[in-house]
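**Q** Go ahead and model the full structure; you've got the sequences and the hints to work with.
Quick mapping for you: the protein sequence lines, in order, are chains F and W. Every number in my numbering is 3 more than the matching position in the first sequence, counting from 1. Every number in my numbering is 69 more than the matching position in the second sequence, counting from 1.
Check each hint, because a few of them may be wrong.
[As the list claims (entries may be wrong)] Derived SDA-like pairs: lysine to any residue, alpha-carbon spacing no greater than 20 Å straight-line: (1) Lys150/W to Glu128/W; (2) Lys265/F to Lys262/W; (3) Lys215/F to Val336/W; (4) Lys158/W to Leu99/W; (5) Lys85/W to His165/F; (6) Lys158/W to Ser145/W; (7) Lys265/W to Gly272/F; (8) Lys241/W to Lys311/W; (9) Lys18/F to Ser60/F; (10) Lys86/W to Tyr163/F; (11) Lys262/W to Gly272/F; (12) Lys73/F to Tyr24/F; (13) Lys262/W to Ile267/F; (14) Lys311/W to Gln270/F; (15) Lys86/W to Ala131/W; (16) Lys85/W to Lys73/F.
[Claimed, not checked] Covered stretches of chain F, going by a simulated chain W footprint (3 or more residues, C-beta under 8 Å): (17) 188-201; (18) 222-229; (19) 254-266.
[Claimed, not checked] From the derived model, a few chain F residues whose C-beta atoms are all more than 10 Å from chain W: (20) Phe13; (21) Arg37; (22) Gly94; (23) Asn116; (24) Asp138; (25) Gln204; (26) Glu242; (27) Thr250.
Derived by calculation from the structure, the hints in this document are not laboratory data. We put the beta carbon where it would ideally sit given N, CA and C, even for glycine.
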Amino acid sequence: MTELTKKNRFIIELKGIVKEYSPQKSFFSKCDNRVIALNSIDLGIKKGEIFGLVGQSGSGKTTMGRLLVKLEQATHGTIFLNGNPVTNLTGKALNNYRSRVQMIFQDPYQSLNPYLSISETILEPLNVHKIGNNDQRYEKVIHTLETVGLSPGKEYYDRYPHQLSGGQRQRVAIARAIVLEPEFIVADEPTSMLDATIAIQLFRLLTQIRDKFNMTFLFITHNLAAAKYLCDRIAVIHEGNIVEINTADEIIQNPQHPYTKKLIQVQPGFHFN
Amino acid sequence: MTILSVENLSIGYNTKKGLLTAVNNISFSLEHGRSLGFVGESGCGKTTIGMALMGLLPENAAILSGKIHFSGEDLSRFTEKQWRNIRGKEIAMIFQAAMNALNPVFRVGEQIAEAITTHNPDLSTDKVNDRLKTLFNMVEIPESRMSDFPHEYSGGMKQRAIIAMALACSPKLVVADEPTTALDVIVQDQILKEIKKIQKAMNMSLIFISHDIAVVAEVCENICVMYAGQIVEMGTKQEVFKSPKHPYTKTLLASYLSLDSDEDIFVPDMMETPDLTGINTGCRFSVNCNCKSKNCSKDAPGWIDLTSTHKAFCCEQGLGRKQS
Numbered sequence: 004m005t006e007l008t009k010k011n012r013f014i015i016e017l018k019g020i021v022k023e024y025s026p027q028k029s030f031f032s033k034c035d036n037r038v039i040a041l042n043s044i045d046l047g048i049k050k051g052e053i054f055g056l057v058g059q060s061g062s063g064k065t066t067m068g069r070l071l072v073k074l075e076q077a078t079h080g081t082i083f084l085n086g087n088p089v090t091n092l093t094g095k096a097l098n099n100y101r102s103r104v105q106m107i108f109q110d111p112y113q114s115l116n117p118y119l120s121i122s123e124t125i126l127e128p129l130n131v132h133k134i135g136n137n138d139q140r141y142e143k144v145i146h147t148l149e150t151v152g153l154s155p156g157k158e159y160y161d162r163y164p165h166q167l168s169g170g171q172r173q174r175v176a177i178a179r180a181i182v183l184e185p186e187f188i189v190a191d192e193p194t195s196m197l198d199a200t201i202a203i204q205l206f207r208l209l210t211q212i213r214d215k216f217n218m219t220f221l222f223i224t225h226n227l228a229a230a231k232y233l234c235d236r237i238a239v240i241h242e243g244n245i246v247e248i249n250t251a252d253e254i255i256q257n258p259q260h261p262y263t264k265k266l267i268q269v270q271p272g273f274h275f276n
Numbered sequence: 070m071t072i073l074s075v076e077n078l079s080i081g082y083n084t085k086k087g088l089l090t091a092v093n094n095i096s097f098s099l100e101h102g103r104s105l106g107f108v109g110e111s112g113c114g115k116t117t118i119g120m121a122l123m124g125l126l127p128e129n130a131a132i133l134s135g136k137i138h139f140s141g142e143d144l145s146r147f148t149e150k151q152w153r154n155i156r157g158k159e160i161a162m163i164f165q166a167a168m169n170a171l172n173p174v175f176r177v178g179e180q181i182a183e184a185i186t187t188h189n190p191d192l193s194t195d196k197v198n199d200r201l202k203t204l205f206n207m208v209e210i211p212e213s214r215m216s217d218f219p220h221e222y223s224g225g226m227k228q229r230a231i232i233a234m235a236l237a238c239s240p241k242l243v244v245a246d247e248p249t250t251a252l253d254v255i256v257q258d259q260i261l262k263e264i265k266k267i268q269k270a271m272n273m274s275l276i277f278i279s280h281d282i283a284v285v286a287e288v289c290e291n292i293c294v295m296y297a298g299q300i301v302e303m304g305t306k307q308e309v310f311k312s313p314k315h316p317y318t319k320t321l322l323a324s325y326l327s328l329d330s331d332e333d334i335f336v337p338d339m340m341e342t343p344d345l346t347g348i349n350t351g352c353r354f355s356v357n358c359n360c361k362s363k364n365c366s367k368d369a370p371g372w373i374d375l376t377s378t379h380k381a382f383c384c385e386q387g388l389g390r391k392q393s
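**A** Here you go:
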């Protein structure tokens, strides 16, 4: 395999990513214990794949999501998008990267600005990246609302977040993430605040979006069952290290690492006896 | 012995749109030393029931009708003064740790001691300290962490401290409202085991509220499934989860993701939330129900007895005979 095709196998690739947090030195701080959130992560995500990242609170899974959308800067290591390093992007190049990589946050009650109507929320990325004229933007917003299952789009256009249920809000957050038709979306526990009947509908929606636009997803969760349902491949992360990567079915049926086995064992279930 | 029995309880909220009946005509009972789980989606009224059992309903809420019998007294008519005598002592609540149930400016030990001294003002300091140590051992927090502040605790430890606080006066009945919702699966597993172990050891009665059916199945012997302020199905864990009869229970179970297989996962269409203001006699689930009956939205559903313990609230009289 030549160097070039090797690079292009993955849409997103992380090489030797390390993220350390050092507490701010202050008068009261006793020591300078650095926290290693991510310890030398190597990972590649294929085009059109839903990739699951499963771990406990504090395992570094959200840090990884934030690094990928460049809300944080890695201490060491390089991130590649389509084979091009994006770690040190600035200015216009960074702007362009941000239009190609989007994020869906955990809590739809906090990630939507209560002062902005649904249309303003979804218009914002279009305005920032100066896409289309007013009419085209309007059409695009209506169309995106209907894609995420909020139809007719006109009915939701002028509403505000408080007029929507939790599931509808998360649909708006998804609409905001896909309106620029990005290549890669980081979904950070998008359903952990929602009921099971709503969560399953959103999973179906994410799969539909993947199939329609051939988008790639990183799905961050602590729920192995959800990851199994939605994802093609799963990585299990524990204390900043990826301990196991495999296809979703293999991870569940044939776990290798003791931590993965433990995660499977503690999954609540119906034990009738 | 029945420790708690609720009869035809309705609770309403005074809202801008008018009276909202969050809990509509529900009845259930709990035997001493047993556990009862309430499961349903957000907004179905399960927390309102928990708050009513603790006498902590918000100011715009009121018990419209019905009775809450606990140890021979009717709690629905209690004054605040009467509540103060039994809240924490006879009935205690395990709150969700994420909901800031601990006061950030007091040490954890002090906060739990307060629960003890409030109900036993004559207890000597030594005895209070002994009791604190017992409680910390029971929930498996090292005694050395007693004088820490809440921010020094991890999420799981905070939840343990909140459990210790609820157990401070050895209550007869404990109401646990989503105690593991904010925790990840590994800590959740520890806390659920802890709750089960303590419930057995102290022979307490437990009401466990959660939106997660598997968590309820893990802890409780009997289950009430709630939808839009009503109990729609109740029975033992096996009856409700192995042979569900109400269409809503079936939807809830079918959309639950487990590790076993996801071939029979059912994705419901977008669910409408029924309007709970005003008077509506028809079946509240009828807008989302896949049953073919035409009159469900008008006819009042009734209880259908399936076994001596298992019953469902539905218009479909043939429910018990049909194969699920």
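**Q** Compare the structure with each hint and give your call.
**A** Evaluated hints:
1. Lys150/W to Glu128/W: Answer holds: lysine 150/W to glutamate 128/W is near 16 Å, not above 20 Å.
2. Lys265/F to Lys262/W: holds (15 Å)
3. Lys215/F to Val336/W: holds (19 Å)
4. Lys158/W to Leu99/W: Measuring from Cα to Cα gives roughly 18 Å; hence the hint holds.
5. Lys85/W to His165/F: Satisfied, since the Cα-Cα distance of roughly 15 Å is no more than 20 Å.
6. Lys158/W to Ser145/W: holds (18 Å)
7. Lys265/W to Gly272/F: At roughly 15 Å apart (the allowed maximum being 20 Å), glycine 272/F and lysine 265/W satisfy the hint.
8. Lys241/W to Lys311/W: The given pair, whose Cα atoms are some 30 Å apart, is violated under the 20 Å limit.
9. Lys18/F to Ser60/F: violated (23 Å)
10. Lys86/W to Tyr163/F: Within the cut-off at roughly 18 Å; holds.
11. Lys262/W to Gly272/F: holds (13 Å)
12. Lys73/F to Tyr24/F: holds (16 Å)
13. Lys262/W to Ile267/F: Distance of about 16 Å is within 20 Å: holds.
14. Lys311/W to Gln270/F: holds (19 Å)
15. Lys86/W to Ala131/W: Holds, at about 16 Å.
16. Lys85/W to Lys73/F: violated (44 Å)
17. 188-201: Answer holds; 4 residues pass the 8 Å Cβ test.
18. 222-229: holds (count 5)
19. 254-266: Satisfied; 3 residues make the cut.
20. Phe13: holds (27 Å)
21. Arg37: With a cut-off of 10 Å, arginine 37/F remains clear of chain W, as the shortest Cβ separation is near 19 Å.
22. Gly94: Given a closest Cβ separation of 39 Å, the condition holds.
23. Asn116: holds (22 Å)
24. Asp138: holds (29 Å)
25. Gln204: Violated: least Cβ distance 6 Å, not greater than 10 Å.
26. Glu242: Holds, because the least Cβ-Cβ distance between glutamate 242/F and chain W comes to about 12 Å, which exceeds 10 Å.
27. Thr250: Its Cβ never comes within 10 Å of chain W, the nearest being 14 Å, so this holds.
Taken one by one, the earlier hints fail for this structure at numbers 8, 9, 16, 25, listed in ascending order.
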